[in-house]
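Protein chains in written order, with my numbering: chain A, 654 to 903; chain C, 16 to 390; chain E, 213 to 1022.
Don't read these hints as lab results, they were simulated from the structure.
Nothing here was measured: the structure is a model prediction, and the numbers come from that model.
All C-beta atoms in this analysis are idealised placements derived from N, C-alpha and C, irrespective of residue type, glycine included.
Please note that the accuracy of each hint is not assured.
Think about it this way: if two alpha-carbon atoms lie no more than 25 Å apart in a straight line, the pair counts; the simulated DSS-like pairs of lysine-lysine are [to be verified]: (1) E:LYS374 with E:LYS338; (2) A:LYS867 with C:LYS378; (3) E:LYS288 with E:LYS518; (4) C:LYS268 with A:LYS867; (5) E:LYS597 with E:LYS640; (6) E:LYS799 with E:LYS441; (7) A:LYS803 with E:LYS772; (8) C:LYS152 with E:LYS640; (9) A:LYS867 with C:LYS363; (10) C:LYS107 with E:LYS640; (11) A:LYS848 with C:LYS364; (12) E:LYS640 with C:LYS169; (13) E:LYS597 with A:LYS683; (14) E:LYS293 with E:LYS444; (15) A:LYS867 with C:LYS300; (16) C:LYS378 with C:LYS313; (17) C:LYS336 with C:LYS378; (18) A:LYS783 with E:LYS514; (19) C:LYS370 with C:LYS92; (20) C:LYS370 with A:LYS867; (21) C:LYS364 with A:LYS867; (22) A:LYS848 with C:LYS363; (23) C:LYS370 with A:LYS848; (24) E:LYS444 with A:LYS783.
Derived list of chain E stretches under chain C, where covered just means 3 residues or more per stretch with a C-beta under 8 Å from a C-beta of chain C [to be verified]: (25) 445 to 459; (26) 929 to 939.
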Amino acid sequence: MTQKNINPLIELRDVVKNYQSEAGVFPALKNVNLNIERGEFLGIIGKSGAGKSTLLNMFTGVDGLTSGEVIVHANGESVSLHSLSENDLALWRGRTMGVIYQSFQLLPMLTLAQNVMMPMDMSDLYHPRKSRERALELLDMVELSEHAHKLPSLISGGQQQRVAIARALANDPPVIVADEPTGSLDSITADHIFKLFEQLVQSGRTIIMVTHDKGLMPRFSRHVEIVDGELFDNDSFPMKGKARMGEDRK
Amino acid sequence: MTKRTQPKLATVKGTELINIQQVVKTFSNAAGEFTALRGIDLTLNRGEFVAIIGKSGSGKSTLLNMLTGIDHPTTGKVLVDGTDIYALSESKRSLWRGRNLGIVFQFFQLLPMLNLLENVMLPMDYVGMYDVDERPKRAMELLRMVGLEEQAQKLPRAVSTGQQQSAAIARALSTDAPIIVADEPTGNLDSRSANHIIDLFTELSERGKTIVMVTHDSTMTQRTSRTVVISDGVLVNETIAQALPLLSQPLMKELAQKARQVSYQAGETILKIKEPAQNFYLISKGNVDVVLHKKRKKEVFVSQLGVNDFFGEMELLRGGKTIACIRAADKPVELLEISREDFNWLMKKSPLTEKAISNTVQKRLEEKKQTDKRK
Amino acid sequence: MRPRWRKVLSDLIDNKARTLLVVLSIAVGVFAIGVIAGAYVIISDDMSISYAANNPANIELRMDDFDEDFLNTIRKFDGIKEAEARRVFNIRARPLGETQWTSIDVVTIEDFEENEVNLLTPVSGKEVPLKNEILLEQDVLEKMDAAPGDTLEIQLRDNSIKTVYVAGVVQDSSTGAVDFLAPPLAYISTDTLRLFDQTELFNRIYATVETGQDDDNHISVVLSALKEKIEKNDYEVGRTFRSLTHQHPLETTINAVLGILMALGVLIVFLSSSLIANTLNALLNQHLRHIGVMKLIGGRDKIIFKMYLVLLVAFGFLALLIAVPAGGQGAYGLAQFIATKMGFSLLGYRIVPIALIIQIAVGLLVPLVAGFVPVINGSRVTVQKAISGDLAGESSEQAEGGANRESRFEAIQFEATRILADRGIRIKRPLLISLRNTFRRRGRLILTLFTLTMGGATFISVFNVRVTLHEYVESVGNYFLADVTLDFDTPYRVNEIEQFAMQDPRVTYVEGWTFSGADILSIDGTTADNVSILAPPAESVLVEPLMVSGRWVQAGDEKKLTISEGIFDLYPDLQAGDYLPLKVNGKEESWEVVGIFKFINMEGILGYAPYEYISRDQNMANLSFSYRIVTEQHDRAYQEMMAEDLDAYFRDHGFHVQEATPGLATLDSAAESLDILISFLLIMALLTAVVGSMGLAGTMSMNVLERTREIGIMRAIGATDTRIITMVLVEGLLIGVISFILGIFLAVPFTYGLSWIVSTAIFETPIAVVFTPMGYAIWAGLVIVLSTLASVLPARSAARLTIREVLAYE
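With the rest of the complex left out, here is chain A (with noise of 0.2 Å):
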């Protein structure tokens, strides 16, 4: 247990991850090293391109890397992400991590509280209806109570990516995996998803989210950048003009 205090959330260490096409290699990541801490809001910052996704799914164990290693320590484990077998790790990601995606993902054949209880409902931690019970006040939590018996297309954006972030805490996961949640919503809806990452901050999770938008970068705790496949560590708000000052980097 003290080990878990002493180690960061995440390590990174060396990842290298390159796509094979017809037209040759095309390196997304090169060489890349990050600690995560615990109750840490780390944005990700790039454009698209730039291999920001990619990065995204080295920490959820999406996709598999070249070279290197991620490290989880998380709910008294310690976990070599890309050591585990695709079922594992499906198994281990439902328990330890939220994961958010631009486009809501939610399973359109199904009710909201259906969505929210399915990764209960699949990783086997609650009881049938306890998930429901825990569903219904998820949403709640984020206001969607009254729409629990809807069906996705029913509910704006909005609402449905609200919706996808009850789901991603379903399992009570420490770290919530967030791919430009805003990014298919207006500014007034996404400030408001916002807001809500940060109570989720604050109550002590951890959260790790990819956007191209520099202008939210005063809203993490933390942020990096990516430059094609490189990551730039920014302990500070970045100015114009950095260029000339990169004396900084790392």
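Once you have looked at the hints, place chains C and E on chain A.
Using the frame of chain A, we list chains C and E on its own:
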């Protein structure tokens, strides 16, 4: 079918080509109505290289769809060289689009079953332009232009994504359409390939094509001849939107009305050191130098600020006099000037912006300290 | 309900069209199998039970007139259990007021209530006819319109007309069963014999044996002994028949026909499963994102696999809900139909357990087997692939065919395009797209082609077999080339009849024939079978035989005959030139077989010998009972008219005409039973074609669905509605045309196989295969219509997509 020639849009540079009038677009679904465009008026001229920028969800792709005729406006008109494109039937509009617009998509969208050459020839087949024998020659020429002559016989997935996008541009040019429309053309490319694509666009606009490009990447605007910023379905002042991205859309609009446009010659001083500061400035064109005067009157250069940067905030927030001298760099500078009163109003209205600006202040103070130490 | 099961339920309910397609595909196969398996069991059970229930005679003897006393001696004969005597004679009858005569064999039964052999099953009206009343076998009703209470006119030999009342209608599954081509039957009591100018003596014996009622050898032994005894008593026995108690004489034929139908049923199951595999593959592809999401939130392979397995079972279960009741009804309907045709009755509607089990097994196994690979692949997909949505596009195509093979195949396509272009043949890009699209999803294309081609080949083959059978029946007609056959009760001089007949200017040619019955002896000297020896003049132009070996009869042949292939059942190694032991007119003789010819074996063994020899042998030189007459025209109506006219003409001149039959009439019943079979085959062929085009429709809509984005691009670069619709239609048509071309070739072995099975079943001999362009032409038309229909809906929905919808991927 093959030799029908289309009256070409006149290519006199600078004259009006696309005219968007009071376009409103409302999407409705079971969850209710969502207005993506709230009355857009926009005129684009021949030969312009226009960037439409905005965040995701701002309505920029919807706006683009309005001028390609891909989507219907709820109300309002779109005239392209005098043609009201929404008066045409869907099928006629397809043909019109084939002849007058070259479209480049984010995901390249080459047809996977045709090789690059065939992909480039296809629009000519569809709209029946150029002689049958001429089509392969023309397609080859276009591929040569984008540097893909060698890859002509390859299938799209056998070439890199950057090459696919180049081929897509060649395809967009195949019917010699006067307008090229591109939706996030560099969105899925690494920065080198992205630069190559933008180079191509610049070259084309120099040759007289009108290019309209949608992007969320504000750095692209440095290379375009004009930038249109859209936020929550309304066009907003570019400088304000870029410099203060955390402002809500109505605040941006209000601020645009309050701000004054001022310009300075190259080298002209804007803020003198140790004088009381009254205004907050946003840079819309050119660069300014930040300079400290040390003892013995020696100038110490701190940094240079560019387009969409701001200055003057430190004094307004912390009170007191100007701590650095700011002057126009080697070119004339255009600025938006915001009075202390308006600035205070803004800070009150948008705490997020205040927080962001305070962060900048801290950062700049540290910078100053370092400069002080060094000297 | 747990969310996972809720999702399965929604998958089932939400896309009703797809669920329906899958469920119907399974149901079609299950239905076909159920109908045939059920009918098979019902028929084989009920046919023997129903046949046995009427206590059919094991032995039938057609012989000289005899009396009650003689019958009693036969009843006491060793090994005989029951024996009944009947008097059977032929009359012509018609309902009062009608003009058309129908030939009927009248069976006289001494005591309807005490009758023990060849029992009658009442259908309607009375069961026992009084004096001057008649019972009709239900087959009579197919030839004339009569009901209990009606009056029939009966024409006797002397042309006098009598009237009788129809007392009732009965079914007789035994008496007529042995003789497929015999006229329909009617029944009277002995009281009525006098009305018909008949003596009160019997001419047939129907007997059952004491033991071994289902042992043909035993019956044969009893029959030989009985016949010997009768002949010792100076009675002459004409023909003899044997049958088993529990086996309907036509059972093997019916079973063979059902066997063919079963084979087609299995084919349909097979085809429908490839259709299901296709649909499920597409379904799993569409569900990849869902699978990805579920895996993302903790779902393991096992859970996903179970979910989709349950979905498959649910598809099967739904199909069973439709197919089991429908199949049960269909089985009974088919059995009922065959029972009516074959003259036996069913024991009543029931569920056949074995058919039910087969249906359930097929209904559950087919989706499981067909869906197993897609489900396994689907549940193993990685989250990354699933979420990126990349699978609907190129990468899965590569996975399907293997990257190398795919590109080699494409290389061939490109090379072909280039070679054509070099020769100045340029395929326009829009057409090129259709062409290349066709070969993009090769796994799917192969399955689609497979179903459609199998359906088409079956369809074409059925037409070929139909013509083959008809051609054969027609060639059998070459044994019956005369337009009218005129039979007399007493022999007349050939010259005399010829003279009379030729007085009618419409008659162009007359031949006098005779015939003789003989027993074929087995090696140990016992009677093995009968042979009817027809004796046309040696130079007869009215027989065009299909020789298997040897030669036809010649003038001057003595104790020589040609014999039908049926002889092979007794003497499998018989060759032309061999000698055959026969018992002719009670004399055991050795005849040379000069040739063997083809004939419908079910009619018994047939032989031909020259008139000149047989008539001399019978001491009836220049006399004949039976005449073959050729008329000016040869169509059915003309023949009927001529038969009618000649009948009247000869009767008017005092000849004892027994019957005048139009020539083609003999072939009718044979052709009729063939048409029943052909229509069954056609229904099955249509079912396979329907399954095939369902497959094509499914494929086309899946293709369009997966290519919506490409279609959007095409619209964005200037393609009009017509272009898009044409593109999809051309692809559908192309698949149709390819399957047609493949079908042309596949139809050849299919035709040979099917015709072998059918002809062996019906004629007990393989027959020469004939190909007809009709099947090809109809299928060509049908496949074009079907593939257009199959792609027109997807094409239209493709054209309706607006670009925005298509490109709205965010």
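The hints, checked one at a time:
{"no.": "1", "hint": "E:LYS374 with E:LYS338", "result": "21 Å, holds"}
{"no.": "2", "hint": "A:LYS867 with C:LYS378", "result": "17 Å, holds"}
{"no.": "3", "hint": "E:LYS288 with E:LYS518", "result": "74 Å, violated"}
{"no.": "4", "hint": "C:LYS268 with A:LYS867", "result": "21 Å, holds"}
{"no.": "5", "hint": "E:LYS597 with E:LYS640", "result": "35 Å, violated"}
{"no.": "6", "hint": "E:LYS799 with E:LYS441", "result": "16 Å, holds"}
{"no.": "7", "hint": "A:LYS803 with E:LYS772", "result": "93 Å, violated"}
{"no.": "8", "hint": "C:LYS152 with E:LYS640", "result": "15 Å, holds"}
{"no.": "9", "hint": "A:LYS867 with C:LYS363", "result": "22 Å, holds"}
{"no.": "10", "hint": "C:LYS107 with E:LYS640", "result": "21 Å, holds"}
{"no.": "11", "hint": "A:LYS848 with C:LYS364", "result": "18 Å, holds"}
{"no.": "12", "hint": "E:LYS640 with C:LYS169", "result": "18 Å, holds"}
{"no.": "13", "hint": "E:LYS597 with A:LYS683", "result": "22 Å, holds"}
{"no.": "14", "hint": "E:LYS293 with E:LYS444", "result": "21 Å, holds"}
{"no.": "15", "hint": "A:LYS867 with C:LYS300", "result": "21 Å, holds"}
{"no.": "16", "hint": "C:LYS378 with C:LYS313", "result": "24 Å, holds"}
{"no.": "17", "hint": "C:LYS336 with C:LYS378", "result": "18 Å, holds"}
{"no.": "18", "hint": "A:LYS783 with E:LYS514", "result": "23 Å, holds"}
{"no.": "19", "hint": "C:LYS370 with C:LYS92", "result": "41 Å, violated"}
{"no.": "20", "hint": "C:LYS370 with A:LYS867", "result": "15 Å, holds"}
{"no.": "21", "hint": "C:LYS364 with A:LYS867", "result": "21 Å, holds"}
{"no.": "22", "hint": "A:LYS848 with C:LYS363", "result": "19 Å, holds"}
{"no.": "23", "hint": "C:LYS370 with A:LYS848", "result": "15 Å, holds"}
{"no.": "24", "hint": "E:LYS444 with A:LYS783", "result": "99 Å, violated"}
{"no.": "25", "hint": "445 to 459", "result": "violated (count 0)"}
{"no.": "26", "hint": "929 to 939", "result": "holds (count 7)"}
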